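*Asks:* Protein chains in written order, with this note's numbering: chain A, 966 to 1205; chain B, 966 to 1205.
Quick caveat, the hints were computed from the structure, so don't treat them as lab data.
Nothing here was measured: the structure is a model prediction, and the numbers come from that model.
Certain hints may be false.
Label pairs and their computed distance ranges (CB to CB) [as the list claims (entries may be wrong)]:
(1) Asn986(A) <-> Gln1152(B): 33 to 43 Å
(2) Arg1080(B) <-> Asp1155(A): 11 to 21 Å
(3) Asp1155(B) <-> Ile1018(A): 43 to 53 Å
(4) Met1185(B) <-> Lys1133(A): 36 to 46 Å
(5) Gly1078(B) <-> Lys1163(A): 46 to 56 Å
(6) Lys1133(A) <-> Asn1173(B): 29 to 39 Å
(7) Lys1196(A) <-> Met1185(B): 47 to 57 Å
(8) Ala1177(A) <-> Asp1134(B): 26 to 36 Å
(9) Asn1186(A) <-> Lys1163(B): 46 to 56 Å
Positions of the beta carbon are idealized from the N, C-alpha and C atoms, including for glycine.
There are 2 protein chains.
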Amino acid sequence: MRMILDICTSPALYPYYKKENDTVVVVDVFRASATICKMLHNGAESIIPVAGIEEAKQYKSEGFLVGAERNARKCDFADFGNSPSDYTLERVSGKEVVFTTTNGTQAIQAARGCRQLFIGTFSNIDAVLEASLRSAERVVILCAGWENRINIEDMLFGGAFAEKLGEKDELIIGSDSVRIAMELWQQAKDHLLEYVKKSDHYHRLVENGVEADAAYCLQMNTAPVVPYYHKNEKKIRASH
Amino acid sequence: MRMILDICTSPALYPYYKKENDTVVVVDVFRASATICKMLHNGAESIIPVAGIEEAKQYKSEGFLVGAERNARKCDFADFGNSPSDYTLERVSGKEVVFTTTNGTQAIQAARGCRQLFIGTFSNIDAVLEASLRSAERVVILCAGWENRINIEDMLFGGAFAEKLGEKDELIIGSDSVRIAMELWQQAKDHLLEYVKKSDHYHRLVENGVEADAAYCLQMNTAPVVPYYHKNEKKIRASH
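All chains should be modelled from the sequences, with the hints used to inform the complete structure.
*Replies:* Below is the structure:
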């Protein structure tokens, strides 16, 4: 069964890409998606994504483990920031983690009405692609972007996902944004980290001394889980 | 004086790109921008852009000349559609034209609060670039897109504009969308029409038998005017 793929480059544009029965793959390459994959791969039981800092503080005061980041920095009150390396097996295995980031958790909020919502990034690209092929007729890659502006790295994931679907002869292009993302991926894929160094977000990571995360976040299939957002309980769990 | 350039890929994203004192260049390559340039180049006195069909019909009933298009087709009640070739010197010289299109006029509405608003496209790229350099500190290219979804051809104009600024050593890149547009332009510029043939909008033009317009709309500097939106009178006139 071939699959229609579209790419929505900003959470604010999701209403214009939305169709009934969509599967949405939320991607925030730097770094929320990789961090979520890492948590679940290291055995976290579930993740409670929250959009606001105040809500995250409330959870913290109730004794929850909390990951919180704004503008590429860990929030002072939190246990973790948004670096995948914070979430070691020792610290998260079997735990529930509350999580809020500048862009990624907002994107989940924007798409929470869809039929099924996965979190995808390079870390789990093959796993999330296989899960999509098993269960979706139309997939929208929803790029978290930066404060609703479009970014390079999330588009590149969209392009990589589209290329992989194409190689399996399963790709139906939904709109021009897929063509743009595929072009970008084509130009970047043989020197991905170098290519991404010109992006706005890479500069932010460097300014905050966490550019080592960039290389990790661009590696494929390092955390082959499929994070799935459960609407009723408002939690992300690994899909089985 | 070097100029900050940003590219906003959809009218719905403009609130996230907006800054004080911005100059906005609204681009709708297929075809509203070229049509507006053609009208003014052929001596139309002014253009009244309206977002809704009902408003355009009202003007028509009051005796105005009206251009109206939806989904790449001329509206039955109108004098013109959205093909630049409709607007001959004989028909528009000295006239005022009411104009509504699927996307272009909505983009003007979205940005009407900015400091100055130009209409730009390949037809007037050098003229609008010179006008921007004379009067702007920051320019946002506002892509009309298609029903708020991003499209290839408007991004390509953004990339061409950025390249020209760069060649004059005047370019400060505002955000990743500029880098994406420049990459796309780099890949497309040597065979622009062929490249654009894969876009959604080109297919729409073919379906409606107006693909000849595509070649015209991609030609540079065929109508070297600078359409300027006057906020108070809500009309577009050629800037002098």
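*Asks:* Each hint: holds or not?
*Replies:* Outcome of the hint check:
The beta-carbon spacing between Asn986(A) and Gln1152(B), approximately 34 Å, falls within the hinted interval of 33 to 43 Å. Separated by about 42 Å at the C-beta atoms, Arg1080(B) and Asp1155(A) break the suggested range of 11 to 21 Å. At roughly 49 Å, the beta carbons of Asp1155(B) and Ile1018(A) sit within the given window of 43 to 53 Å. For the hinted restraint 36 to 46 Å between Met1185(B) and Lys1133(A), the CB-CB distance of approximately 40 Å keeps it satisfied.
Between Gly1078(B) and Lys1163(A) the CB atoms are about 32 Å apart, so this pair departs from the stated range of 46 to 56 Å. The hint said 29 to 39 Å for the Cβ distance between Lys1133(A) and Asn1173(B), and at roughly 34 Å that hint holds. A C-beta distance of roughly 50 Å is found between Lys1196(A) and Met1185(B), which places it inside the suggested range of 47 to 57 Å. Taken as a hint, the range 26 to 36 Å holds for the pair Ala1177(A) and Asp1134(B), whose Cβ atoms sit roughly 34 Å apart.
The hinted window of 46 to 56 Å between Asn1186(A) and Lys1163(B) is violated, with their beta carbons roughly 30 Å apart.
When each numbered hint is compared with the structure, violations occur for hints 2, 5, 9.
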